[in-house]
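2 protein chains.
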Amino acid sequence: MKIAVDAMGGDFGPRVTVEGAIKASQEYKIEVLVVGVEDLIKKEVDKTNHSRAKVAIVNASEAIGMGEGILSIRRKKKSSIRIGAQLVKDGEAEAFVSMGNTAAVVYISKKILGALKGVEKPALSLLVPTIKGLTLLIDVGANVNCRPHHLEQFAVMGHTFMTSVMGIKKPRVGLMSVGEEKTKGNELTKEAFERLQDSPINFIGNVEGKDTYSGKADVIVSDGFTGNVALKVSESVVETFSYFARTEIMKNFFAKIGLFLMKRNLKKIYKKVDYTEYGGAQLLGINGVCIIGHGRSNSNAVKNAIGLAKDFVLNKVQDKIQHDITELTHSLGQAEG
Amino acid sequence: MKIAVDAMGGDFGPRVTVEGAIKASQEYKIEVLVVGVEDLIKKEVDKTNHSRAKVAIVNASEAIGMGEGILSIRRKKKSSIRIGAQLVKDGEAEAFVSMGNTAAVVYISKKILGALKGVEKPALSLLVPTIKGLTLLIDVGANVNCRPHHLEQFAVMGHTFMTSVMGIKKPRVGLMSVGEEKTKGNELTKEAFERLQDSPINFIGNVEGKDTYSGKADVIVSDGFTGNVALKVSESVVETFSYFARTEIMKNFFAKIGLFLMKRNLKKIYKKVDYTEYGGAQLLGINGVCIIGHGRSNSNAVKNAIGLAKDFVLNKVQDKIQHDITELTHSLGQAEG
Numbered sequence: 006m007k008i009a010v011d012a013m014g015g016d017f018g019p020r021v022t023v024e025g026a027i028k029a030s031q032e033y034k035i036e037v038l039v040v041g042v043e044d045l046i047k048k049e050v051d052k053t054n055h056s057r058a059k060v061a062i063v064n065a066s067e068a069i070g071m072g073e074g075i076l077s078i079r080r081k082k083k084s085s086i087r088i089g090a091q092l093v094k095d096g097e098a099e100a101f102v103s104m105g106n107t108a109a110v111v112y113i114s115k116k117i118l119g120a121l122k123g124v125e126k127p128a129l130s131l132l133v134p135t136i137k138g139l140t141l142l143i144d145v146g147a148n149v150n151c152r153p154h155h156l157e158q159f160a161v162m163g164h165t166f167m168t169s170v171m172g173i174k175k176p177r178v179g180l181m182s183v184g185e186e187k188t189k190g191n192e193l194t195k196e197a198f199e200r201l202q203d204s205p206i207n208f209i210g211n212v213e214g215k216d217t218y219s220g221k222a223d224v225i226v227s228d229g230f231t232g233n234v235a236l237k238v239s240e241s242v243v244e245t246f247s248y249f250a251r252t253e254i255m256k257n258f259f260a261k262i263g264l265f266l267m268k269r270n271l272k273k274i275y276k277k278v279d280y281t282e283y284g285g286a287q288l289l290g291i292n293g294v295c296i297i298g299h300g301r302s303n304s305n306a307v308k309n310a311i312g313l314a315k316d317f318v319l320n321k322v323q324d325k326i327q328h329d330i331t332e333l334t335h336s337l338g339q340a341e342g
Numbered sequence: 006m007k008i009a010v011d012a013m014g015g016d017f018g019p020r021v022t023v024e025g026a027i028k029a030s031q032e033y034k035i036e037v038l039v040v041g042v043e044d045l046i047k048k049e050v051d052k053t054n055h056s057r058a059k060v061a062i063v064n065a066s067e068a069i070g071m072g073e074g075i076l077s078i079r080r081k082k083k084s085s086i087r088i089g090a091q092l093v094k095d096g097e098a099e100a101f102v103s104m105g106n107t108a109a110v111v112y113i114s115k116k117i118l119g120a121l122k123g124v125e126k127p128a129l130s131l132l133v134p135t136i137k138g139l140t141l142l143i144d145v146g147a148n149v150n151c152r153p154h155h156l157e158q159f160a161v162m163g164h165t166f167m168t169s170v171m172g173i174k175k176p177r178v179g180l181m182s183v184g185e186e187k188t189k190g191n192e193l194t195k196e197a198f199e200r201l202q203d204s205p206i207n208f209i210g211n212v213e214g215k216d217t218y219s220g221k222a223d224v225i226v227s228d229g230f231t232g233n234v235a236l237k238v239s240e241s242v243v244e245t246f247s248y249f250a251r252t253e254i255m256k257n258f259f260a261k262i263g264l265f266l267m268k269r270n271l272k273k274i275y276k277k278v279d280y281t282e283y284g285g286a287q288l289l290g291i292n293g294v295c296i297i298g299h300g301r302s303n304s305n306a307v308k309n310a311i312g313l314a315k316d317f318v319l320n321k322v323q324d325k326i327q328h329d330i331t332e333l334t335h336s337l338g339q340a341e342g
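So the sequence lines, in the order shown, correspond to chains A and L.
Under the working numbering, think of the first position of the first sequence as 6, with each following residue one higher.
Under the working numbering, think of the first position of the second sequence as 6, with each following residue one higher.
Don't take each hint at face value.
All copies of an identical chain are treated as equivalent in the list; a pair is satisfied when it fits inside any one copy or across any two copies.
Unchecked claim - Result set (DSS-like, lysine-lysine): computed pairs, CA atoms no more than 25 Å apart in a straight line: (1) Lys137 <-> Lys261; (2) Lys268 <-> Lys256; (3) Lys115 <-> Lys126; (4) Lys187 <-> Lys116; (5) Lys273 <-> Lys261; (6) Lys115 <-> Lys187; (7) Lys115 <-> Lys195; (8) Lys115 <-> Lys174; (9) Lys321 <-> Lys261; (10) Lys116 <-> Lys83; (11) Lys116 <-> Lys261; (12) Lys321 <-> Lys59; (13) Lys221 <-> Lys94.
Calculated from the structure, these hints are not laboratory results.
Model, not experiment: these values are computed from the prediction.
Could you build the full structure based on these sequences and the hints that come with them?
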């Protein structure tokens with residue numbers, strides 16, 4: 006199996022992505038095509054223990070920065086993201102993994118790879134840790150304007166991902182809203198509720214923001230605007246809470262000792278809530294496997310993202326999504342026809 | 006000053022609301038009209054030290070439960086919420102405070118008190134703790150379907166609240182979106198952005214979910230669906246994080262001692278992040294002062310909510326909102342005319 010990895014993405018660039026790619030090649034016994042500025046990548050490969058790793062470098066002379074806007078994303082024809090996606094398009098790699106600018110990866114992948122047949126809007130999904138395990142949030146930012154039938158497609162794709170990659174037999178799919186009752190929600194979610202009720206998946210109704218990390222649902226569906234806000238608000242809470250904790254604890258001698266005593270346990274908790282541990286976001290519904298890791302990924306997180314891509318390929322997730330979306334479209338056609 | 010308090014609301018009912026009302030009367034030297042089932046309230050008043058408190062009981066034979074839907078809310082004509090709002094309408098109280106069913110308080114207050122002139126949608130706002138102080142989120146759930154000009158009115162009302170109650174001279178007003186650039190957002194926020202740019206308030210542009218608790222803005226504007234999800238996701242993060250912490254720490258002897266040593270400090274942090282401490286949500290734009298406390302408020306939180314209502318009255322917030330909304334409508338009329 007060959008997986009293309011964007012070496013230029015992420016907050017730490019080639020230093021971390023190359024190390025992650027090498028680790029992935031060693032651990033998963035796959036070939037990685039590391040895409041980016043050749044000289045930089047070579048240097049990093051030489052620095053790293055790459056025994057038994059199968060690494061090939063694919064040169065890309067341009068890099069897209071984490072904060073770059075859509076205009077410059079379009080202009081850079083030789084960016085590592087574009088060339089990485091093209092490798093998948095050309096059948097030279099079976100998946101593309103990037104820690105780079107999410108908007109850029111989404112935009113370029115959609116453009117170069119296109120959507121699966123029947124998928125109107127490929128969506129970005131992400132596994133987050135909950136009290137009971139992992140829950141998939143979909144969409145977390147690829148589509149800020151959605152219609153009800155888009156949400157229905159997201160639900161189906163989320164369902165397919167959770168069954169085929171995570172091995173959950175009948176994933177409980179919830180719709181993010183402002184109350185559990187069917188009558189609660191905005192115009193978009195109320196109509197989506199009706200559709201989901203009639204769909205072939207295991208729809209458990211509305212879930213609220215407070216259920217996001219409770220494990221009540223295996224998949225939580227929302228438009229990309231709501232999903233993105235929900236995700237980033239979560240980061241904000243953790244950051245602010247940690248800030249308060251640090252400043253408060255540093256004021257007091259005993260509390261400092263207390264902190265020291267629980268340091269190892271706190272690290273474990275952070276690891277648990279740190280979703281970079283779970284491999285990154287998946288661009289579902291696109292005609293090619295595409296995983297987007299968190300910008301602040303370390304080399305282990307990069308390796309995990311590549312591992313997730315490998316699982317996608319091995320489990321033929323693309324075929325299954327294509328199948329399930331076709332079936333959905335078909336059943337809708339029958340119902341409406 | 007007379008303030009009406011719903012005794013039947015909140016997770017703990019009269020036991021806590023009556024105690025809070027008495028404390029408020031004692032501390033703020035105001036008269037409280039405690040609304041609810043007379044016998045129950047009397048019992049609680051007798052149990053509590055009410056020396057120097059001015060408490061009058063207003064009988065209301067029905068109570069609306071925390072989970073009741075809109076149909077039964079409408080049916081209960083003698084609910085404590087309805088009678089409390091009516092006291093404000095009739096000029097017998099200057100403000101109404103409830104810890105009850107938020108949807109019920111919003112629905113009934115809108116119906117009985119109506120909106121201020123020019124306000125199309127009264128909105129629910131809430132102060133939340135941030136690294137730098139308090140930030141007002143508006144709307145956190147009163148209006149799930151909004152048009153761009155509604156968001157503009159929310160911005161103005163939030164601005165007025167922060168200047169008149171919180172004493173912030175030029176509050177920084179941000180628009181909740183998925184990226185800082187003007188081009189980022191959904192149809193609603195992009196159009197709202199244009200309007201806010203031209204409005205008389207200090208608009209600082211888009212803020213992202215990650216800025217919610219960073220203190221980047223003094224007011225963060227969103228539709229009620231997004232705001233509600235953001236708020237409840239925040240609760241979910243805190244709950245899940247605490248759960249992980251508890252279970253992880255309880256596994257280890259040293260960590261348990263560590264926890265014991267920092268107990269007092271942790272309590273302080275919880276107090277800081279617990280937004281029931283800040284008095285409750287404000288229903289802005291309604292023709293009467295209406296404060297909705299959190300269901301799980303203890304008697305101190307009830308007292309704080311009543312204190313916030315008192316500040317509203319003393320600072321003539323209603324007049325100021327009316328003034329600022331009229332000015333906005335006027336300036337828009339000129340711009341568009």
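Cross-check of the supplied hints:
1. Lys137 <-> Lys261: between (31 Å within a copy, 23 Å between copies)
2. Lys268 <-> Lys256: both (17 Å within a copy, 13 Å between copies)
3. Lys115 <-> Lys126: Within one copy only: 9 Å inside a chain, 39 Å across chains, cut-off 25 Å.
4. Lys187 <-> Lys116: Result: close only across copies, 23 Å inter versus 37 Å intra.
5. Lys273 <-> Lys261: Classified as both; 18 Å inside a copy, 15 Å across copies.
6. Lys115 <-> Lys187: Result: close only across copies, 23 Å inter versus 33 Å intra.
7. Lys115 <-> Lys195: Classified as between: cross-chain Cα gap 23 Å, same-chain 28 Å, threshold 25 Å.
8. Lys115 <-> Lys174: For Lys115 and Lys174, neither the intra-copy (29 Å) nor the inter-copy (46 Å) Cα distance is at most 25 Å.
9. Lys321 <-> Lys261: neither (50 Å within a copy, 46 Å between copies)
10. Lys116 <-> Lys83: within (15 Å within a copy, 60 Å between copies)
11. Lys116 <-> Lys261: Neither: 52 Å inside a copy, 53 Å across copies.
12. Lys321 <-> Lys59: Within one copy only: 23 Å inside a chain, 72 Å across chains, cut-off 25 Å.
13. Lys221 <-> Lys94: Intra 38 Å, inter 42 Å, cutoff 25 Å: neither.
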